[in-house]
Amino acid sequence: MMLPGLLYIIVMFYLPMLGVVIAFEQYNPIKGIFKSKWVGFTNFKFLFQSDALFQITFNTIVYNLIFIILGIGLSLVIAILINEIGNRFLAGAYKSILLLPFLLSWVVAEYLLFTFLSMDKGLLNSLLAQFGVEPVQWYSEPFYWWFILPAGYIWKNVGYFSVIFAAGIAGISTEYYEAAKMDGANKFQQAIKITIPMLAPITITLLLLQAGKIFYAAFGDWGMFYNLPKESGVLFSATNVIDTYVYRSLKSMSDFGMSSAVGLYQACVGFILVLVSNFLIRLYDRDSALF
Amino acid sequence: MIKRITFPNFLLNSMFMVYCVLCLIPLFVVLSVSLSDEQSIFQSGYKLLPMKFSLDAYAFILNGNSPILRAYAVTIIVTLVGTVLHLMISSLFAYSLSRKEVKYRNIVSFLVVFCLLFNGGLVPWYILLSKYLHLKDTVFVLFIPYLVSSVNVLIMRNFFTHTIPESIIESARIDGSGEFHTFLKLVLPLSTPVLATIGLFTAVFYWNDWFTAALFIENGKLYTLQFLLQSIMNNIAFLQANSLTAKAALAQPDETARMATCVLSVGPIMLAYPFLQKYFAKGLTLGAVKS
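Chains H and L supply the protein sequences, listed in that same order.
Numbering of the first sequence is given in the numbering used here, commencing with residue 1 and proceeding in unit increments.
Numbering of the second sequence is given in the numbering used here, commencing with residue 1001 and proceeding in unit increments.
What the hints contain is simulated information worked out from the structure, not anything from laboratory work.
Hints are not guaranteed to be accurate.
[What the hints assert, rightly or not] Only pairs whose alpha carbons sit at most 35 Å apart, straight line, appear in this in silico DSBU-like list of lysine-lysine:
1. Lys1131/L x Lys45/H
2. Lys1103/L x Lys213/H
3. Lys213/H x Lys1052/L
4. Lys1103/L x Lys1282/L
5. Lys230/H x Lys1100/L
6. Lys1278/L x Lys193/H
7. Lys1131/L x Lys1221/L
8. Lys230/H x Lys121/H
9. Lys213/H x Lys1136/L
10. Lys230/H x Lys1103/L
11. Lys213/H x Lys1282/L
12. Lys1131/L x Lys37/H
13. Lys251/H x Lys1136/L
14. Lys1131/L x Lys121/H
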């Protein structure tokens, strides 16, 4: 019974791992992996000389930091606040509405965003016009995207994280809160002293999962960086991340060796990030760390 | 029990209501644009409410041989076949990993976990599927790459180990039931919660997947909904493929047809969501909280 699944992961997950040798080849699609010319570190030399590398690494790391801190922090607050709402029907309704964006694809999100940001027809510009402000070209000014992308991330993911946190809160024994009430702790103190520490294991699991996603080339959640800015080249300084870079170089240049080298570089950066976050978690709580 | 409406609670509720409205407004705008008259959009841009109500866009994109109906068919087939196969292979795999008498199960479990930590990257994966498995431009490539996911296998394995009582399987064996029969007749019916949630998430994943089609599909007949949507965003000509004269093209709704396509692609999810959201919430917590 194990056979189909085992064969599947070997072919689909483990064979590509061997394929990283392409990074050291001048890959020729006709000759295939085994017969292409071996070029050693040439691909990496080109990569490290290009200006794009620093930019995509910087963007990837900074965005992920923003996402992790803002996303998880905000979800935690929302989960605690929803828990305080007495009316269970309303609380349930809020949770389901917040979760809804999680089910939509980034392509759909692109459409949604476009209705707001379109230069001549968008809602935002017509709103600005009412206040006599000149229309803004959202799709050609990189600076705005440092805010738009995190907002998009939060819109899509906060519901998902807060449902997880809410489940964690539901699992906390009510005795703690009763004891705290006896001691005269108010809601805020209860949240700081009981709820948040009790949720630490879930928070840490989520943190590690999110950190791990960074080096999940192709399978991570990078559709946002690709779709929301509508492929606008002017915006690359604020929207290009490692994943979109690999995808574009594969799609447009078909330079397999080069994009494979970026992929390998990404795996290494991601691995270091996981090690760092694991180290930080170990400092805080040995038991919750991965290794 | 009637609760008094207190001021903090009122504040909390209004805060959440504002947030929910913010979550939903973009969807509402797309809907209202799709229901507007093309001329009014052209003159005054996107509006929260349709200035002039019109169903032209829907009539236009749903006419006889439109690419959208085809994309719908492709997406539905891929979603159905993919989800069913995913559940079959993954549950068999996870079940065998959960049985203690299976040899080498620890090694195989490690192989599954390792996929979470490292992968070969986009390029080797692309080459494997297109050059060695010859899946490029076939309908199979749309579901085959995602038939097993290590996270789902681990979730299912945990479920099987913790909720299926050992004694049931043993008693079945004493009654002479074969392994496969036991799995089908006893284990699967007891596992509907985990199957339902993982099935739902897989289905949503397949429905929302634009990336696989973008990489592997060139034949316009195999476009999935999301990929079609993405192409339309960049190039409205897709919708006008069947217009014969330039004059007819002028009369066709552009903007509204775009948005109507978007509405149609989200439609099924939006319609099913109220009934399914309980399972979604459960599924999320199933995946995140360690057992």
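The hints, checked one at a time:
Using a Cα cut-off of 35 Å, the hinted pair lysine 1131/L and lysine 45/H holds, with the two alpha carbons roughly 27 Å apart. For the hint linking lysine 1103/L to lysine 213/H, the alpha-carbon distance of about 32 Å falls within 35 Å, and the restraint holds. Of the supplied pair hints, the one linking lysine 213/H and lysine 1052/L is violated, its CA atoms being roughly 45 Å apart against a limit of 35 Å. Among the hinted pairs, lysine 1103/L with lysine 1282/L is consistent with the structure: their alpha-carbon atoms are about 33 Å apart, no more than 35 Å.
Restraint check for lysine 230/H and lysine 1100/L: the C-alpha separation of about 51 Å exceeds 35 Å, so the hint is violated. Straight-line distance between C-alpha atoms of lysine 1278/L and lysine 193/H comes to about 30 Å, which keeps the hinted pair within the 35 Å bound. Restraint check for lysine 1131/L and lysine 1221/L: the C-alpha separation of about 21 Å stays at or below 35 Å, so the hint holds. Restraint check: the Cα-Cα separation between lysine 230/H and lysine 121/H comes to about 16 Å, which is no more than 35 Å; the hinted pair holds.
Proximity of lysine 213/H to lysine 1136/L is assessed by CA-CA distance (about 26 Å); at most 35 Å being required, the pair is judged to hold. Pair hint lysine 230/H plus lysine 1103/L does not hold up; C-alpha atoms about 51 Å apart against a cutoff of 35 Å. Of the pairs offered as hints, the one joining lysine 213/H and lysine 1282/L holds, with about 22 Å between alpha carbons and a cut-off of 35 Å not exceeded. For the given pair, lysine 1131/L sits about 17 Å from lysine 37/H by alpha-carbon distance, which is consistent with the 35 Å threshold.
Restraint check for lysine 251/H and lysine 1136/L: the C-alpha separation of about 14 Å stays at or below 35 Å, so the hint holds. Taking the CA atoms of lysine 1131/L and lysine 121/H, the gap is near 44 Å; set against the 35 Å cutoff, the hint is violated.
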